[in-house]
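Sequence order for the protein chains is A and B.
Just so you know, we're using my numbering here: the first sequence kicks off at 122 and counts up by one.
Just so you know, we're using my numbering here: the second sequence kicks off at 20 and counts up by one.
Mixed in with the good hints, there may be bad ones.
So, partial list: chain A residues that the calculated Cβ filter (under 10 Å) puts toward chain B [unchecked claim]:
hint, residue
1, Cys354
2, Met355
3, Thr382
Derived pair list, reagent style DMTMM-like, types lysine to aspartate or glutamate, alpha-carbon separation capped at 20 Å [unchecked claim]:
hint, chain 1, residue 1, chain 2, residue 2
4, B, Lys300, A, Asp216
5, B, Lys96, A, Glu383
6, B, Lys229, A, Asp170
7, B, Lys229, A, Glu344
8, A, Lys214, B, Asp294
9, B, Lys229, A, Asp322
10, B, Lys229, A, Glu345
11, A, Lys135, A, Asp213
12, B, Lys96, A, Glu363
Simulated restraints, written as ranges between beta carbons of each label pair [said to hold, decoys possible]:
hint, chain 1, residue 1, chain 2, residue 2, range
13, B, Pro196, A, Arg204, 40 to 46 Å
14, A, Gly200, B, Gln112, 35 to 41 Å
15, B, Thr27, A, Arg199, 44 to 50 Å
16, A, Gly200, B, Glu204, 45 to 51 Å
I should point out that these hints are in silico values taken from the structure, not numbers from a laboratory.
All C-beta atoms, glycine included, are put in the ideal place defined by N, C-alpha and C.
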Amino acid sequence: MSPSLVAAGVFSHKKYGENYHALALVAPGIGAQVEPGQFINVSCGPNRDFILRRPFSIFRVHEQGSAPSTIEIVFDLRGPGTRQLAAMHIHDKIDVMGPLGVGFSIPQRKAKCLLVGGGVGAAPLFFLGDRLRKDGHRIDVVLGARNADHLLNAMDLRRMASVCNLTTEDGSAGARGRVTDVLADTMDGCGTEVVYACGPDPMLAAVARICMEKKVFVQVAVEELMACGYGVCMTCVMPLRERRSKGASAGRSVVYARTCTEGPVFNGAQVIWSSGHEHVAQDQSELSLGGGAVRAGLQPEAGAGHGPPGN
Amino acid sequence: MTPDLAVTLAGLRLANPVLAASGTFGAGREAAAFLDLKALGGVIVKSMTLTPWSGKPTPRMCETPSGMLNAIGIQNKGVEHFLAEDLPWLSAQDATVVASIAGNSVDEFVKVAHRIEAANTSLAAVELNISCPNLEDRNHIFAHSASATAEVVRSVKAVLRSKPVFAKLSPNVTSIPLIAESALEAGADGLSLINTVFGMAVDVSTRRPKLAGGMGGLSGPAIRPIAVRAVHEVHRLWPHVPIIGQGGVQTATDALELIMAGASAVAVGTANFVDPGACPKVAGGIRDYMAAGGVGDVAELVGCLKLEG
Ligand SMILES: Cc1cc2nc3c(=O)[nH]c(=O)nc-3n(C[C@H](O)[C@H](O)[C@H](O)COP(=O)(O)OP(=O)(O)OC[C@H]3O[C@@H](n4cnc5c(N)ncnc54)[C@H](O)[C@@H]3O)c2cc1C
Ligand SMILES: Cc1cc2nc3c(=O)[nH]c(=O)nc-3n(C[C@H](O)[C@H](O)[C@H](O)COP(=O)(O)O)c2cc1C
Ligand code: FES
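One chain only, chain A, in its complex shape (with noise of 0.2 Å):
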């Protein structure tokens, strides 16, 4: 379904534990319609210093009977976009874009499922886990964060998954440690087929590897900086590895897809990780050897490091 624009209304505004927000919109027709893995991009007030929207993923959809459904997203404070949404009230209204990007593929087949999230990053694993368990595959659980208090919502996933396995780094609930410690061993224990994962960057990264190693499909949903969300300003890219079996072209090269219309949701094994600029020259360097769309046209020296800016 193509985007449209809408005037939502707050419907509700919850708090997750001392640090998450919930906002609850009735937004209809973007209700209907989106799947899981996308997000909305939402206007959060008339304010003249920042102008950008500001992305979010549906965290979940509520039925309402024959009424519009209502989508909810969650967030925590970063700045003044979410701080202006935090002050929120019922009935008050939101310009809401959406939906946007291309979500989660659900199998074909009953499939082990295996949803890992950190952070308030894991908000789309709750409307996933929804579907998933509609479509009646089975859902076990990797759920982390900094400690108890930013584990988000962990009641709700208990209840939807079968085995459902915690980490926080300072080990004030579940395991000590990170999600990617306990990751291998709750795949071997629940026979995992498919892994769904959300979160932060080097995260999904570690998340990735693992399941390459094991050879099991990984779909990760990715959060780059976004100045559209809808896929006109080329600022949200991020490098992938293609296969190209054509022609002269054939054989590996790398693009640069957008995360907001191509993602965010993308193979996991596809993505070429950078957790930080000493990797972009290596980036570079990869994608200038690359084949098939980006082969010809890559200007190194016009590209890397701080060379004059460039639209």
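Using the hints, position chain B with the ligands against chain A.
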């Protein structure tokens, strides 16, 4: 009296004076989910190059007060893709299309211009994005040098005879009129003012630039006064040269500032990210302003700025 919003700039005929700025509207496909492209004065498509460019590493943007920095590196699929896929689609939507050409050498500009001329399409005009590094001159940006600007414009005009050519100038120079003069002497039919303003932001927790490329181009309301000034400076010297004013336009009032300073049309950039329907809204606001003030033709407003008295 219904106000007449149609304008003609050096043969570029627009149903209304509000276009989408290059790089902020793709080739219209994504925005078409939200609006009818016919409602725009025109679409200046993302800059195209001779071969596909993959662009710069990420992060490519960061938000700054009333604006944003970007360093995309002109990621685009190349002129052949534009001619084969985008232009036919845009024409089918009845959109007025302006192509934007970029390159890293004069030869690349010329080759793209040649392809466009040879394709003999319904394209309405061409804009030259000369805010690109010239690989043949130690990465100096064409638009920062009067002679490099002239060379690109002259070479492109020599092959691109059938379309009006607008040179898009950079504000990052000591004298915009100096560069404008050489672009006009080289045969530019009009000017686009302005491209983004160079800037930079630092992440103090990592002590690194917020953009992977270091510097970036600032856009959005933060740069509007610079755009108004640039249009004013150039229009004062060459009142008959058509100018597409751009930089920070969000509302009709913003657009009218540029028009009164001397722009015959305006392009909306960053505001499209917030609202894909921004262009027709700005045009509607201009119509309202004209209706309220009894202005029949938008041309009456171009350069109407009162400087004395
Ligand atoms: C597809 C997608 C889904 C997301 N889903 C959620 C969610 O469900 N819950 C949640 O809490 N957050 C989510 N985020 C991150 C969320 O967009 C940022 O937390 C938010 O934009 C911060 O805005 P701010 O003004 O409060 O903070 P600031 O730090 O002031 O933001 C400044 C700029 O950075 C951008 N930004 C900051 N952090 C991020 C980030 N991590 N990812 C992308 N852009 C960022 C903002 O959009 C803005 O342009 C998601 C991001 C993306 C791309
Ligand atoms: C993300 C982004 C990409 C851009 N890409 C191009 C481009 O490819 N070619 C070009 O000539 N200008 C490009 N521009 C500049 C705009 O066309 C416009 O001139 C500038 O942003 C000022 O207008 P604004 O403040 O309304 O955005 C880009 C701007 C942005 C923000
Ligand atoms: S955010 Fe603009 S293209 Fe993805």
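How the hints compare with the structure:
1. Cys354: 6 Å, holds
2. Met355: Cβ of methionine 355 of chain A sits 5 Å from chain B, so the hint holds.
3. Thr382: 7 Å, holds
4. B:Lys300 <-> A:Asp216: 16 Å, holds
5. B:Lys96 <-> A:Glu383: Measuring from Cα to Cα gives roughly 16 Å; hence the hint holds.
6. B:Lys229 <-> A:Asp170: Cα-Cα ~18 Å, so holds.
7. B:Lys229 <-> A:Glu344: Distance ~16 Å between lysine 229 of chain B and glutamate 344 of chain A Cα, so the pair holds.
8. A:Lys214 <-> B:Asp294: The hint holds at about 16 Å.
9. B:Lys229 <-> A:Asp322: 17 Å, holds
10. B:Lys229 <-> A:Glu345: Status holds; Cα separation ~13 Å.
11. A:Lys135 <-> A:Asp213: 14 Å, holds
12. B:Lys96 <-> A:Glu363: 16 Å, holds
13. B:Pro196 <-> A:Arg204: 40 to 46 Å: With a Cβ separation near 44 Å, proline 196 of chain B and arginine 204 of chain A satisfy 40 to 46 Å, so the hint holds.
14. A:Gly200 <-> B:Gln112: 35 to 41 Å: 38 Å, holds
15. B:Thr27 <-> A:Arg199: 44 to 50 Å: For arginine 199 of chain A against threonine 27 of chain B, whose Cβ atoms are near 48 Å apart, the range 44 to 50 Å holds.
16. A:Gly200 <-> B:Glu204: 45 to 51 Å: Hint holds: Cβ distance 48 Å, inside 45 to 51 Å.
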